[in-house]
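Q: From first to last, the protein sequence lines stand for chains A and B.
Taken in order, the first sequence gives residues 1 to 394; the numbers are from this note's numbering.
Taken in order, the second sequence gives residues 1001 to 1111; the numbers are from this note's numbering.
Treat the hints as calculated values from the structure; they're not laboratory data.
Since we're looking at a predicted model, the values are computed, not measured.
Do not take every clue at face value.
What the hints assert, rightly or not - Looking from chain B toward chain A, a few residues come up when the C-beta cut is under 10 Å (computed):
1) Q1029
2) L1031
3) E1032
4) R1033
5) L1034
6) N1035
7) D1038
8) E1039
9) Y1042
10) N1061
11) I1063
12) Y1066
13) L1082
14) E1091
15) T1093
16) L1097
To be verified - If you want the ones that stay clear, here's a sample from chain A, every Cβ over 10 Å from chain B, calculated:
17) G6
18) E24
19) K36
20) K68
21) F109
22) N125
23) S200
24) K231
25) Y260
26) K271
27) L315
28) V380
By construction, the Cβ of each residue, glycine as well, lies at the ideal position given by its N, Cα and C atoms.
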Amino acid sequence: MELEEGIKRIKGVVEVEIQGFFTERFINLCRINNIKIWNIKNVVNGIVRFSIAIKDFKKIKPISKKTKCKVKIISKKGVYFKLFKYRKRSLAFILILLFLILSTLSTTFIWNIEVVGNMYIPTENIYSALKDSGLYVGRNKIGLKTKKVINEMRVELTDIAWMGIEIDGTHAKVKVVEKTKLPESAVNENTIGDIVSDKSGVIEKIVVENGTAILEAGDYVEEGRILIEGKIYSKFLEPKDVSAKGIVTVKRQYEYKKEYPYTVMEKEYNKKAKYSIGFTLNDKENYINYLDKSLKYDIIKNSKEISIFNNKLSLTLYRFNIYNEKSITRSDEEIEELAKNEAQEYIEKTVLPDLRSPKITNKELIIDSKDEDKICVRMVYDIVEEIGYFKERV
Amino acid sequence: MILKKKSKDGKKIFKKIDFKSKVSAAKEQFLERLNLPDELVYECAKITMIGNKQLLLEGNNNIVDYYDNYIKVQTKTLYLILDGKNLKIDEITDTELLVSGDISNVGYINR
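With the rest of the complex left out, here is chain B:
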């Protein structure tokens, strides 16, 4: 009985420490030291825009909604929302998404 109690206490202590966040913080620090690209360190999408005509999204991403004037894309950490006119997906591959058209707004929503 005493042993069982001890183990429960251990779990409680483990939860209090918030081990996960500490590990991720340490990981980020370590990767920053290595001078790696930021999109790898923070595990997020990279966006390249040419005026408001073209947008290139790099990183693993899923299309959630696709209409003529609205595109919602799920990236690793956030939702990306594009508004505009005549939006067209020129190319879609495993890691890249190329959108063209008159883009009027680029926004983020938390997942």
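This is chain A alone, in the form it adopts within the complex:
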């Protein structure tokens, strides 16, 4: 219904009032002559209002003569009348036409390139190679041969196994599949070399699969020293060079040290919050700032990013939570508990992910120094981990 109304509006609609004795006859004659009228309303006896399409308006005249009704236009609606009103403003028409032409023309260019699927080839390299082979931001879509671009790209970047370019409107999506490299273990198998330590510590366990162990469990090892030599010694034969292989585990100590003051300021939130909006263009923030500087705020951002011509523009909704500061004094036990939790979190989040098959064997809390206003706490972790890397013998 709304769509139909919209189409009628574009064509132009006139609201008409008729006055006379035979308004019913007028309506019937309109119906018989295939003149479409709608929204018929009886205002007072003898006065009827209705809407009619602009193309049918002239057909009313003979009917009004026949039924002796006076016809009066009440309002004109629609794009047709708007255009007619501004018909002498040629500049506006030219601008509208120019705008239409420009907007249609701009859709024939590529405004955004997205690279998907690359794991080890840097995206910048792909972008520069694409630019050399003829696909760049601002390139016209007409006359662009994607097959040619792909062939040139594959010559330039030899690590690419397959490539596809999908152009969707003004957006080009480049899909890349890289050649899979051989795993390191497969490379090592036939080359002669040793296993060398990359960390210092006390050896917990040493298991040799191939080669000869130089050190024993309980020895202290420094960084860069050979753990398993790639040679096999025999009483009867000459020493034979092999590729060393094995597992070496080492016990190491990791520390977490921090000073804790007895009195701390803690945030006490009001339930009040203020909101603001802003935009960020290339890491430069702009937002409407109407905040009271005497109060303190926590800022929470909620943003949505879009990229235009390789510039990053993001619209952000800011939320400012107002808080007061309040001082709290803590006891030794509380601080120890807090230190344990923080140390555990630090070890789990920052230390353990970098280690190979780590295992915590012992942990200990040590109080280094104690002053009037602060306490220095150290948390020591004993961790057993795997060390050693394969080094080719020159």
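Given chain A's structure and the hints, the job is docking chain B onto it.
A: Same frame as chain A, but now just chain B:
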């Protein structure tokens, strides 16, 4: 003379038979057998109402009277009379008539 008399008698007999009504009855029976819609068989208007807010009248119809609270429409066999408040004709085409407003009464009068 004799021939003329005969023809007059024939006319009288023809009138007595009530040929028209018989033909229409036969036509109705025939059309009923065909499973056609009832509004075609009986040649009358079809009315669809949504509560008392909207009324759709299908069939060839003429508006006889149109006021704010009263509409009289001539259908093929009867007059249809609508009473109510703020009655408005939303659309009128060759075969359809759409009336909206607070309809309080729908009635028929013989033509």
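Q: Are the hints correct? Go through all of them and say.
A: Consistency of the hints with the structure:
Interface restraint check: Q1029 (chain B) against chain A, minimum CB-CB distance 33 Å, threshold 10 Å, status violated. Taking 10 Å as the C-beta cut-off, the interface hint given for L1031 (chain B) is violated, the closest approach to chain A being about 27 Å. Because the closest C-beta pair between E1032 (chain B) and chain A is about 31 Å apart, greater than 10 Å, the hint is violated. Look at R1033 (chain B): its Cβ only gets to about 34 Å from chain A, farther than 10 Å, so that hint breaks.
The restraint placing L1034 (chain B) at the interface with chain A is violated, with a minimum CB-CB distance near 30 Å, outside the 10 Å limit. With a least beta-carbon distance of about 31 Å to chain A, the hint placing N1035 (chain B) at the interface is violated under the 10 Å criterion. This hint is violated: D1038 (chain B) has a C-beta 24 Å from the nearest C-beta of chain A, more than the 10 Å allowed. About 19 Å separates the beta-carbon of E1039 (chain B) from the nearest beta-carbon of chain A, more than 10 Å, and the hint is not met.
About 23 Å separates the beta-carbon of Y1042 (chain B) from the nearest beta-carbon of chain A, more than 10 Å, and the hint is not met. For N1061 (chain B), the suggested interface contact is upheld, since its CB lies about 9 Å from the closest CB of chain A, less than 10 Å. With a cut of 10 Å, the hint placing I1063 (chain B) at the interface with chain A holds, because the nearest CB-to-CB distance is about 5 Å. Checking Y1066 (chain B) against chain A: minimum C-beta separation of about 5 Å stays under 10 Å; hint holds.
Contact between L1082 (chain B) and chain A, as hinted, is not supported at the beta carbon level, the nearest pair being about 12 Å apart and thus beyond 10 Å. This hint holds: E1091 (chain B) has a C-beta 5 Å from the nearest C-beta of chain A, less than the 10 Å allowed. For the restraint placing T1093 (chain B) at the interface with chain A, the shortest Cβ-Cβ distance is roughly 7 Å, inside the 10 Å limit, so the hint holds. Taking 10 Å as the C-beta contact cut-off toward chain A, the hint placing L1097 (chain B) at the interface holds, the least distance being around 9 Å.
With a least CB separation of 17 Å from chain B, G6 (chain A) remains clear of the 10 Å interface cut-off, as annotated. Its beta-carbon lying about 5 Å from the closest one in chain B, E24 (chain A) breaks the requirement of being farther than 10 Å from that chain. Its beta-carbon lying about 7 Å from the closest one in chain B, K36 (chain A) breaks the requirement of being farther than 10 Å from that chain. With a least CB separation of 17 Å from chain B, K68 (chain A) remains clear of the 10 Å interface cut-off, as annotated.
A cut-off of 10 Å between C-beta atoms confirms that F109 (chain A) is not in contact with chain B; the least separation is 47 Å. For N125 (chain A), the non-interface assignment is confirmed: its Cβ lies about 66 Å from the closest Cβ of chain B, beyond the 10 Å cut-off. Remark: the non-interface label on S200 (chain A) is consistent with the geometry, its nearest Cβ contact in chain B lying 88 Å away (cut-off 10 Å). For K231 (chain A), the requirement that its beta carbon stay farther than 10 Å from each beta carbon of chain B is met, with the minimum near 97 Å.
For Y260 (chain A), the non-interface assignment is confirmed: its Cβ lies about 75 Å from the closest Cβ of chain B, beyond the 10 Å cut-off. Distance check on K271 (chain A): its Cβ is at least 48 Å (rounded) from any Cβ of chain B, clearing the 10 Å threshold; non-interface status holds. Consistency note on L315 (chain A): stated as away from chain B, and its beta-carbon is indeed over 10 Å from all of that chain's, at 44 Å minimum. Residue-level check passed: V380 (chain A) sits 82 Å from the nearest beta carbon of chain B, beyond 10 Å.
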